[in-house]
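2 protein chains.
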Amino acid sequence: MIFVKSTDNDFDGKFEELLARGKMDIAHVSGIVGDIIEDIKTDKNLALRSHISKFDNWTPKNDADLKITTASMQKAYENIDKKLKDALHLAYDRIKAYHEKQKPKSWFDTEANGTILGQQVTPVESAGLYIPGGKAAYPSSLLMNVIPAQVAGVENIVICTPTPDNEPNELLLAACHLCGVREVYKVGGASAIAAMAYGTETIPKVDVITGPGNIFVATAKKMVFGEVNIDMIAGPSEIGILADESANANHLAIDLLSQAEHDEMASSILITPSQKLADAVKDEIEIWLTKLPRQEIARKSIEERGAIIVTKDMDEAVDLMNKIAPEHLEVATMSPFELLPYIKHAGAIFLGHNTPEAIGDYVAGPNHTLPTGGTAKFYSPLGVENFMKKSSIISFSKNAINEIGEECALIANTEGLTAHEQSVRVRLK
Amino acid sequence: MIFVKSTDNDFDGKFEELLARGKMDIAHVSGIVGDIIEDIKTDKNLALRSHISKFDNWTPKNDADLKITTASMQKAYENIDKKLKDALHLAYDRIKAYHEKQKPKSWFDTEANGTILGQQVTPVESAGLYIPGGKAAYPSSLLMNVIPAQVAGVENIVICTPTPDNEPNELLLAACHLCGVREVYKVGGASAIAAMAYGTETIPKVDVITGPGNIFVATAKKMVFGEVNIDMIAGPSEIGILADESANANHLAIDLLSQAEHDEMASSILITPSQKLADAVKDEIEIWLTKLPRQEIARKSIEERGAIIVTKDMDEAVDLMNKIAPEHLEVATMSPFELLPYIKHAGAIFLGHNTPEAIGDYVAGPNHTLPTGGTAKFYSPLGVENFMKKSSIISFSKNAINEIGEECALIANTEGLTAHEQSVRVRLK
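Just so you know, the sequences run in chain order A and B.
Using the numbering used here, the first residue of the first sequence is number 46, and each one after it goes up by one.
Using the numbering used here, the first residue of the second sequence is number 46, and each one after it goes up by one.
Heads up, some of the hints might be wrong.
You can't tell identical chains apart in this list, so a pair holds if it fits in one copy or across any two.
[Stated by the list, open to error] Okay, derived cross-link-like pairs now, EDC-like style, lysine to aspartate or glutamate, Cα gap no bigger than 20 Å in a straight line: (1) Lys141 to Asp154; (2) Lys106 to Asp138; (3) Lys345 to Glu62; (4) Lys146 to Glu430; (5) Lys89 to Asp110; (6) Lys86 to Asp70; (7) Lys148 to Glu430; (8) Lys127 to Glu451; (9) Lys141 to Glu430; (10) Lys250 to Glu61; (11) Lys150 to Glu430.
These are calculated hints, taken from the structure and not from any lab test.
Bear in mind that the values here come from a model prediction, so they are computed numbers and not experimental data.
Here chain A stands alone, though its shape is the one from the complex (with noise of 0.2 Å):
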């Protein structure tokens, strides 16, 4: 762990480090990722087959076998605990009034000359969603890309889903069951994304791809945008934290830990003018290291990518947060709104002792899955608009046309482009 002042003399090369977090060696990997989606263009579902095969651990008999059956879904859903049932039902139902706030509006306006600018928003015909399957299947990941989709509207929502030994995670069956998806497909991987970018025989060809992955998965998607849309290409989670000495030791430390057992790449960084607080967070994160079943992943996070940094004061903590740009970020002072507008880049913003970023990732609303690695600077968290597209709209009537067509054809034949001038010119009188 870094645990410096940032009046240290050796501060400017350790945040250095710390910003070099988070970065994918994509390139490393672009080779074999290229091959995978050349293989499922040509040869599409065999394809897919004979990856799942090889990565997978199972032998799909037929294309048919490539899908979950919806009464799967159904079954698993009516076999989980009804408490889960309902906490579920309460984070579908937070999840999807958030998303709706945020749905843009299509807008007009007139001019008295007659003429109408504007913009309509519509959503994408299709929408496939990766989710990754195994150990780390997350029914709240299918959450926080299912609900964004249906709320703008998408018709065909398909989802991709990896399933060692051809065993689909209940919990995430059971979540398909409850967000109302049918079409979901039992691939994972590089050739996911790419059969959901060309199409197969069985999957669909969609318009846009989201959804979280490791570094072959995030690659592909980087390989196929401009086929479709992607949301953004995401790396290891993050938590920064912003503190003062009103905030709770005990509590900052297992709010840096619930980021570290993520994954060994997880960074968790504390910044606070307040030297004992510093102290304390580093003690208790010892303390709650012991208690935690998931502690080797913690740990080794924590020490090789956990950072405590003690400022001269808050604003100076505030500058330095900003260079990091986290994905997640809690302001555990006082008074958290006051910070609010010096706070510049950031996925997700935790306001107060009491918001925990964890409240985030399952039931407050908002999205869970948000930019890292620095690109809060200039991606956005995953939300409905990741499923919309926007067309201008504009209407001119013969006198809109007569009072600015003279200027048009102005412009267009400096530019040299005559048929452009030329268009405008018939219509003028």
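Start from chain A and add chain B according to the hints.
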């Protein structure tokens, strides 16, 4: 030109051909482009200067030579004709007004138990705009890229444009002054994209890169996607026209040619249920062609990539156009707004007989940077949102977390993420 009825035997094959338009063979140049990007990452300005010698036929003497002076922009502006100056100001003002209406707002909602949920929208810190240079340097492209970035509130706007023979396009310089941009570099092609994505001693690293370009520029943009955000991967320009007998054949012919004159790879497609109109437009194209200075380009484009399709009725025409998902769509019918609800995919929709596509290229207000090659199925026009990003806002009170914390902890536990569970539980009571 494809001139066909939807009832013809060979229609399906011809339509497939049309749908395959505008695909760029990015794989073909990705080796060269990858090398250029590596070069710039490693040698920065030194590599830039050597690429300029190689591709633009002049040799910068030093790093300062890479930058265009603001004095030369001001001089270029002062030298342009009063009428053109006014026309450009009109365009600037109208484009700005439209994009201001498009700017998304931050929002939040409160719940009675003390919860606050919302979405904060903030500009990226820096944007890099690529503007093609030399003969194809269009001041309108500059306006269409700069204005949305300015409206978004981007602090640092950087422009790269190639200057063959070290002779910047004077109109482009004038437009730079008019827009108030100050950082313009004489760098083009894949080198420019790499310089803005990774930064050099002179050119700052940016967060978002937008702007049109050839296949090398498009490929470089795809390759740096993830390191920065990009707008879209754009190919040759296109126009689709839906028309009925109320349309003026002469007008539609010059509208089709206004795309064809851009580029031999451009496509111009008329779909109409009227055989009479189809025949007349075909004849008018021939007449117009003889009058155009860019006749050679326009003729090649129309012959190789133009199409006139006669359908059974307007419903079928709309269906086919939705499959094409054109960059520009003119609806030249008696009651164009009646068709609007059925139009699913198009970059910009031009409604009515007085709205030639060219009016949208320059002065109408909406952006002329639009998705091509069928990507209007999932991409949107360039706009203010390309230069902004969102952060989710989540704030829970003690009451709020007590209300739904148990459900949250249960889901976390089910997913095997104990630290997540505990980070919520420690706050409950």
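Hint by hint, here is what the structure shows:
{"no.": "1", "hint": "Lys141 to Asp154", "verdict": "between (30 Å within a copy, 14 Å between copies)"}
{"no.": "2", "hint": "Lys106 to Asp138", "verdict": "neither (38 Å within a copy, 64 Å between copies)"}
{"no.": "3", "hint": "Lys345 to Glu62", "verdict": "within (17 Å within a copy, 55 Å between copies)"}
{"no.": "4", "hint": "Lys146 to Glu430", "verdict": "both (12 Å within a copy, 18 Å between copies)"}
{"no.": "5", "hint": "Lys89 to Asp110", "verdict": "within (15 Å within a copy, 52 Å between copies)"}
{"no.": "6", "hint": "Lys86 to Asp70", "verdict": "between (24 Å within a copy, 15 Å between copies)"}
{"no.": "7", "hint": "Lys148 to Glu430", "verdict": "both (7 Å within a copy, 14 Å between copies)"}
{"no.": "8", "hint": "Lys127 to Glu451", "verdict": "between (70 Å within a copy, 14 Å between copies)"}
{"no.": "9", "hint": "Lys141 to Glu430", "verdict": "within (14 Å within a copy, 23 Å between copies)"}
{"no.": "10", "hint": "Lys250 to Glu61", "verdict": "between (42 Å within a copy, 16 Å between copies)"}
{"no.": "11", "hint": "Lys150 to Glu430", "verdict": "both (10 Å within a copy, 14 Å between copies)"}
Figure legend: structure checked against the earlier numbered hints; the only hint not met is number 2.
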